[in-house]
Amino acid sequence: MNATAANWLIQCSYLLTAFLFVMGLKRMSSPVTARSGIVWAGAGMLVATLFTFLEPGMDNYIWIITAIVVGTAVAWISGKRVAMTNMPQMIALYNGFGGGAAAAIAAVELYKGEHLSLVVSTLAVIGGIIGAVSFSGSLIAFGKLQGLIRKSFRFGGQQVFNLLLLAAALALGAMIASGYNVSANVVTGVFVLALVFGVMMTLPIGGADMPVVISLYNAFTGLAVAFEGFVMQNAAMIIAGTVVGSAGTLLTQLMARAMNRSLGNVLFSGFGDTGGAAATGEVAGSMKPIEASDVGVMMAFGQKVIVVPGYGMAVAQAQHKVWELCQLLIERGVQVRFAIHPVAGRMPGHMNVLLAEAGVPYDLIADLDEINAEFETADVALIIGANDVVNPVARNDKSSPIYGMPILNADKAKNVIVIKRGQGAGFSGIENALFYLDNTRMLYGDGQAAAAQLIQAVKAV
Amino acid sequence: MVVTITGIVALYIFMLAAFTGYEIIAKVPVILHTPLMSGSNFVHGIVLVGAMVALGNADSTLEKVIGFIGVFMAAGNAAGGYVVTERMLEMFKSSGARKKPGTH
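Protein sequence lines correspond, in order, to chains B and W.
Under my numbering, the first residue of the first sequence carries the number 1, and numbering increases by one thereafter.
Under my numbering, the first residue of the second sequence carries the number 1, and numbering increases by one thereafter.
Isolated chain B (complex conformation) (with noise of 0.2 Å):
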């Protein structure tokens, strides 16, 4: 086959994937037909893959086909074995990747130093740059929600610290991107400088926070990816990289507003002025326990029950257990709903995902706007793993670092029912007022183990 018809059918079969990713994408958008987007979007990814095998003047070809396959079966297999609660770090790692690649194309292109055009060598930079931000960022994100990593990093002065990093890492890039030094040293300089700048700007943000860290890192990788797409001329990579930098900014934006908080507040706010170790532990008043039992006949002789889930349920595992014994009140005539606030468990819709994995229904299901009017007409709110979430400081305490989160208004409820492994502070390490109320009460224990004793309970009544 000559270079002019493999060049052509390359062609061709970009325009058909980026046909086939956006109909996935949109396809994904409905629950209905959520399932058949990936396989779409899949064919589109398999279609782009085979064809760009005859792009003319390749080499290498042992080592392209060696990458493609354990980077496929690493993933591949360490996708399939992650369990549902881990998945948020999983796309954070994989996101990371996709990254990595980003910047790993502009630096092949900028290391071989020929001579680019300005605004080719200035898009591989700047791509490079997000690429490799999105790298080690992500790599962060991955190691703060699987508790590898677990104190802030934080400084004095870190935001000028960062704010210099970036700097220097942009004028490397202009160094490169003008033609005035194209060494390899300087070209080392940018992604070194790029990936400690991904690594400083994510330490220091709460791992509560990390969902939109994640999402904006999407975003990035989706513009890098496009950036480079233009330096390989490729538009398949353009499209896909640009609708996927698109709707992860649509998608962060939507986070952060479900947060209250605009996104620079969430980037930037982790250090400075706000004193967040002084603002935490000062609630008076004790917590107090509750056994089972107890809780079991309050519930199965209410009129309504509301259940608030948030992560610590799906690390216990426990929504198979908090699901069954949902459909015991249900039998008993009991009003039953689950309220989800945006941003419980580490993603929007992760709730969602572990909820529907163990089979509750959609139309019990209900958000934020929907619930909160009717936690005063509840007997009873139980809370299973959540915790920030359901703080009413961030109501009334202007100090605090989550004040102005919309939160779910369980304290209204006539009976607080918290279901807690022990008496730790959340996720983001703010004490929580709700648990000190006059119609709280603590049930200490494991969510499986404690929804279990609820459901013995329950059938004991």
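Since the hints were made in silico from the structure, they are not lab data.
Predicted, not measured: the structure shown is a model, and the values here were computed from it.
Careful: at least some of the hints might be erroneous.
Claimed, not checked - If we take Cβ atoms under 10 Å as the criterion, some of the chain B residues that face chain W in the derived model are:
| # | residue |
| --- | --- |
| 1 | A104 |
| 2 | E228 |
| 3 | Q233 |
| 4 | G345 |
| 5 | N396 |
Unchecked claim - Have a look at the derived ranges for each label pair, beta carbon to beta carbon:
| # | chain 1 | residue 1 | chain 2 | residue 2 | range |
| --- | --- | --- | --- | --- | --- |
| 6 | B | C12 | W | Y22 | 23 to 29 Å |
| 7 | B | K398 | W | G7 | 45 to 51 Å |
| 8 | B | R421 | W | I8 | 54 to 60 Å |
| 9 | B | G147 | W | K64 | 33 to 39 Å |
| 10 | B | K398 | W | V9 | 47 to 53 Å |
| 11 | B | N2 | W | I8 | 26 to 32 Å |
| 12 | W | L11 | B | R81 | 38 to 44 Å |
| 13 | B | F161 | W | K27 | 40 to 46 Å |
| 14 | B | P56 | W | G7 | 55 to 61 Å |
| 15 | W | V9 | B | L16 | 33 to 39 Å |
| 16 | B | S293 | W | Y22 | 48 to 54 Å |
| 17 | W | I8 | B | N7 | 36 to 42 Å |
| 18 | B | H320 | W | L11 | 47 to 53 Å |
Unchecked claim - Derived DSSO-like pairs: lysine-lysine, alpha-carbon spacing no greater than 30 Å straight-line:
| # | chain 1 | residue 1 | chain 2 | residue 2 |
| --- | --- | --- | --- | --- |
| 19 | B | K398 | B | K151 |
| 20 | W | K64 | B | K26 |
| 21 | B | K112 | W | K64 |
| 22 | B | K112 | B | K288 |
| 23 | B | K304 | B | K459 |
| 24 | B | K414 | B | K288 |
Even glycine gets a Cβ: it sits at the ideal position worked out from N, Cα and C.
Keeping the supplied structure of chain B fixed, place chain W upon it in accordance with the hints.
Chain W only, in chain B's frame:
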């Protein structure tokens, strides 16, 4: 290259693709945000084709090593993104099927 994507054509593609991405997400219910984020994470795995060409044209050992890492990571992005998204959406299907007997 048969098709050369010049600056202004690239800008057109960029603009139209950006609107497309925005429109797709704008109408999505919250319950699908995580799967869709995962799905879009898969879609930027298309970086694989660029990484393949970069490695295919790599000359020095340094370029080959970086190119190899690039293809490896891109393949991981695509494969991992697909599996994770597929697993999540699989549950949505089954929960829809269970919906009717579940409601009393």
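Comparing the hints with the structure gives:
A least Cβ separation of about 3 Å between B/A104 and chain W falls short of the 10 Å threshold, and the interface hint therefore holds. Below 10 Å, beta-carbon pairs count as interface contacts, and B/E228 has one with chain W at about 6 Å; its hint therefore holds. A least Cβ separation of about 5 Å between B/Q233 and chain W falls short of the 10 Å threshold, and the interface hint therefore holds. Interface hint at B/G345: satisfied, since its Cβ lies 8 Å from the closest Cβ of chain W, which is below the 10 Å cut-off.
The beta carbon of B/N396 is not positioned within 10 Å of any beta carbon in chain W (closest approach about 26 Å), and the interface hint is therefore violated. For the hinted restraint 23 to 29 Å between B/C12 and W/Y22, the CB-CB distance of approximately 27 Å keeps it satisfied. Evaluation of the 45 to 51 Å hint for B/K398 and W/G7 yields a pass: the beta carbon distance comes to about 50 Å. The given range of 54 to 60 Å is respected by B/R421 and W/I8, whose C-beta atoms sit roughly 59 Å from each other.
Between B/G147 and W/K64 the C-beta distance comes to about 36 Å, which sits within the given range of 33 to 39 Å. Restraint check, B/K398 to W/V9: a C-beta distance of roughly 52 Å satisfies the suggested window 47 to 53 Å. The hint said 26 to 32 Å for the Cβ distance between B/N2 and W/I8, and at roughly 30 Å that hint holds. Distance hint check for W/L11 and B/R81: the Cβ-Cβ separation is about 43 Å, which falls inside the suggested range of 38 to 44 Å.
Checked against the given bound of 40 to 46 Å, the beta carbons of B/F161 and W/K27, roughly 41 Å apart, stay inside it. Restraint check, B/P56 to W/G7: a C-beta distance of roughly 24 Å breaks the suggested window 55 to 61 Å. Separated by about 19 Å at the C-beta atoms, W/V9 and B/L16 break the suggested range of 33 to 39 Å. Checked against the given bound of 48 to 54 Å, the beta carbons of B/S293 and W/Y22, roughly 53 Å apart, stay inside it.
Our hint of 36 to 42 Å for W/I8 and B/N7 is violated, since their Cβ atoms are close to 21 Å apart. Between B/H320 and W/L11 the CB atoms are about 51 Å apart, so this pair conforms to the stated range of 47 to 53 Å. For the suggested pair B/K398 and B/K151, the alpha carbons sit about 24 Å apart, so the restraint of at most 30 Å is met. Taken as a hint, the W/K64 and B/K26 pair is broken in the structure, with Cα atoms around 37 Å apart against an allowance of 30 Å.
With a CA separation close to 11 Å, the supplied pair B/K112 and W/K64 stays within the 30 Å bound. Taking the CA atoms of B/K112 and B/K288, the gap is near 67 Å; set against the 30 Å cutoff, the hint is violated. A threshold of 30 Å between alpha carbons decides the hint, and for B/K304 with B/K459 the separation of about 18 Å falls inside it, so the pair holds. Only pairs whose Cα atoms come within 30 Å are accepted, and B/K414 paired with B/K288 is accepted, the gap being roughly 15 Å.
Violated hints, listed in ascending order, are 5, 14, 15, 17, 20 and 22; each of the other numbered hints is respected by the structure.
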